[in-house]
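Spelled out, the chains give:
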Amino acid sequence: MKLTPEQWAEVNAHFHRALELEGSDRAAYLAAIDTPLLKQQVDRLVRSHLSAGDFLAVPLWQEALEGIAEPSGPGTNLGDFTLVRAIGAGGCGTVFLGKQHSLDRIVAVKIVPNLGEEARTMAHLEHPHIVKVHTQLIDDTRQQRWICMQYVDGASLDRCLTQKRFATPEILRMGAQLAEALEFAHRRGIFHLDVKPANILIDHQGTPYLSDFNVSFNTSTGDPTRVLGGTLKYMSPEHLSAFRNEGTAVDHRADLYSLALVIKEMLLTTAERPSAEVKAVLDRALATNPEDRFESAAQMAKALEGLLELLEIESQMPPESAAVRFANKHALFTLLLAALFPQLLGSIVNISYNSIRIVSSLTPAQQKLFEQLVLSYNVIVYPIAIAILAVIVRPMRGIWARPRARVFLGANRLAALRAHVLQLPRWLILITSLGWLPGAVYFPACLAWMAGPLPGEVFVHFAVSFVLSWLVALTYSYLGTKFVALRVLYPKLWTGTGRIRETAAGELPTHWWRAQTFFFLAGLVPLVASALVLLLVSSAPSPAIFQSLRHLLMFLHALTLVGLVLSVRATSILAQTLYALTGQRRATSK
Amino acid sequence: MELEASEITQLLQSYNTGDPRALEQLLPLIYAELRQLAASYMRRENSDHTLQPTALVHEAYFRLVDQKGVQWKNRAHFFGIAAQLMRRILIDHARKKIAHKRGGKDIRVPFDEAKHGSNSFSDLLALDDALNRFKELEPRQAQVVELRCFAGLSIEETAELLQTSPATVKRDWTVARAWLHSELQDSTHETDS
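Those sequence lines, one after another, are chains D and F.
FYI, the numbering used here numbers position 34 of the first sequence as 34, with every residue one higher than the one before it.
FYI, the numbering used here numbers position 123 of the second sequence as 123, with every residue one higher than the one before it.
In short, the hints are calculated from the structure, not lab data.
Just to be clear, a hint being listed does not mean it is correct.
As the list claims (entries may be wrong) - Below are the EDC-like pairs computed for lysine to aspartate or glutamate, each with C-alpha atoms no more than 20 Å apart in a straight line:
| hint | chain 1 | residue 1 | chain 2 | residue 2 |
| --- | --- | --- | --- | --- |
| 1 | D | K2 | F | E138 |
| 2 | D | K233 | D | E265 |
| 3 | D | K39 | F | D186 |
| 4 | D | K2 | F | E59 |
| 5 | D | K2 | F | E24 |
| 6 | F | K135 | D | E10 |
| 7 | D | K164 | D | E272 |
| 8 | F | K170 | D | E10 |
| 9 | F | K170 | F | E138 |
| 10 | F | K135 | F | E59 |
| 11 | F | K96 | D | D140 |
| 12 | D | K99 | D | D203 |
| 13 | F | K96 | F | D129 |
| 14 | F | K135 | D | E6 |
| 15 | D | K2 | F | E183 |
| 16 | D | K39 | D | E6 |
| 17 | D | K2 | F | D129 |
| 18 | F | K96 | D | D139 |
| 19 | F | K170 | D | D139 |
| 20 | D | K39 | F | D128 |
| 21 | F | K170 | D | E20 |
| 22 | D | K2 | F | D186 |
| 23 | D | K39 | F | E183 |
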């Protein structure tokens, strides 16, 4: 018969009062309870209390525990599987090397408490960089699950990090592969949410595998503001606040953040410092605000592949000579030098030729006027040429000093700059022509107009003098700027956006003929100039003129030699540069 | 353990705020931990090793729960759940042992094996039944028994967890013990007669 709570409370009260009394007092007290039911109950309890002895004096565990919880270990069988040896302890369970008898294969068995969706989640993710789940068993006695997975013969990344140095290209490749694995999961509505070195396996071939989806979150079933797992060290800011139950939602971009941290950690094992481009990509993935990160894992994978491509291109570039190193450091100065120094060579030819062939046939008044004209011409032409150059170089100012600035320009701006850089040599054709060719007409015309008649041959000599100087200045400034543009400037105007080679192949000139012509001219122009000078020199020069003539010829011969050597060197360096950039060998002539 | 500690704390908090889903997730985690701890206790090669369930539960608590983020109420919940689970582990085990002996090779088990020691398996099952009945009568006192017997808590600890005085717990314990004892005695007499 059952007592009501009130009756039980009364029984309790009587029971305790009775225990306070001794012997006959107690018997009298018990006898005095008037309700028979209560009396019987209290009586029974008191008797039971007195005879209970050490009943329940010790907790009930001692004997019963023997053998109760023999844990799973090597040799434990479940279904078709036997555990062989422990290979690691994960965040949420132990991992064993196991054997599946029916298929005679090695598997990894992860033993976890009997809850969660990890195996079901992973079973839906068949990807080359995600550990495959074969099956899941439930161990009733131990209330555990056995998740039987693909065995990756290697080690987890956190082990690798302590034992091994990775090379940057290897890191970027693995990063891109893991980002692809994440993209694959994200597309199926699954966020990993616990990307960290301990959850990445690397086999002996260096192939990375994403594992441990025990925290993962499925958009179709979960609430993105209530995420319970994760690892603080690798947690994105929004994941952390969701974890603290602050009502923020977590999405796929949390995984990008964690992956970037993992990549950063791997890069720390390399001796070299990451390049500005690498840092830019990582910083983007590590943005505090998810909106500022890559939109998807696919984009991040593409960026990492782009970095890899950049590195490959860099490694295939011709070795950096001292001159190229200098140019890399002082890019714009070198560019100006390459554009302006050849003009000086032109001036030397011009002045020498004029003094040999022209000045002597002028009247003293004309000579005086000529000196004034030279001054005025240079005062007008040089500033104009330098001003045009300044305008052309302007868009590139500030880009070279801070490599990071370049990375943040954005793909479109960089493409525009590359196009601009490739146009530089052509601008030099224009500037040099504007600087030199008008002189062929300006000087004789002014002389004839302002200081009386001029012999007809002087017109011819002015033409010859200026055309020769123009050719010298043009050839070397074109080649110089072309070299600086292709070898120094152009290769730096990339970020890791992927498909660099494809784009470069489209951007770079498909035919070589212009550069070829100029390389050819580098040797030919001074040679032809010296031949012309010899042909046109008067039969009996004065000793002073003879001296000038000798100097000019020596200068032109030296220029021929230097021009030939440099153009041969430059041709091979540029060919290698173009090959590195486009991945295509191109015929050097067409 | 960092991950799980914060996870379990979080789950306890959710359970506290009345999310039944949290309990479903908590039970297997705590269960696995207790089981593992119990096993490791048994393996310790100490001649006078005595398994103190209270030590076990405390250790599970320290291993599983993030101490910084925990509120007092979570702690009470944890011990409450742990005590229930310890009880379940023990009873399941007892059932299995009995089934094994009855259906296994050794059939000639003396019928009155129940009288071997005070804590033998049949006694355990009888106690479990009695405790279930007692719970219908007075749930609070039943919980005192659960915490004391299965989680091994002392009078003081139990009082602290239930936020009551040790004197009250002691009274509850005395009466509950007397009641359970008489129930078990009755059942043995019934089987004997």
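Now the hints, each set against the structure:
no. : hint              : result
1   : D:K2 <-> F:E138   : holds (12 Å)
2   : D:K233 <-> D:E265 : holds (12 Å)
3   : D:K39 <-> F:D186  : holds (18 Å)
4   : D:K2 <-> F:E59    : violated (40 Å)
5   : D:K2 <-> F:E24    : violated (33 Å)
6   : F:K135 <-> D:E10  : holds (17 Å)
7   : D:K164 <-> D:E272 : holds (15 Å)
8   : F:K170 <-> D:E10  : holds (17 Å)
9   : F:K170 <-> F:E138 : holds (15 Å)
10  : F:K135 <-> F:E59  : violated (28 Å)
11  : F:K96 <-> D:D140  : holds (12 Å)
12  : D:K99 <-> D:D203  : holds (19 Å)
13  : F:K96 <-> F:D129  : holds (16 Å)
14  : F:K135 <-> D:E6   : holds (15 Å)
15  : D:K2 <-> F:E183   : holds (13 Å)
16  : D:K39 <-> D:E6    : holds (15 Å)
17  : D:K2 <-> F:D129   : holds (16 Å)
18  : F:K96 <-> D:D139  : holds (15 Å)
19  : F:K170 <-> D:D139 : violated (40 Å)
20  : D:K39 <-> F:D128  : violated (27 Å)
21  : F:K170 <-> D:E20  : holds (14 Å)
22  : D:K2 <-> F:D186   : holds (16 Å)
23  : D:K39 <-> F:E183  : holds (17 Å)
Of the numbered hints stated above, those contradicted by the structure are hints 4, 5, 10, 19 and 20, listed in ascending order.
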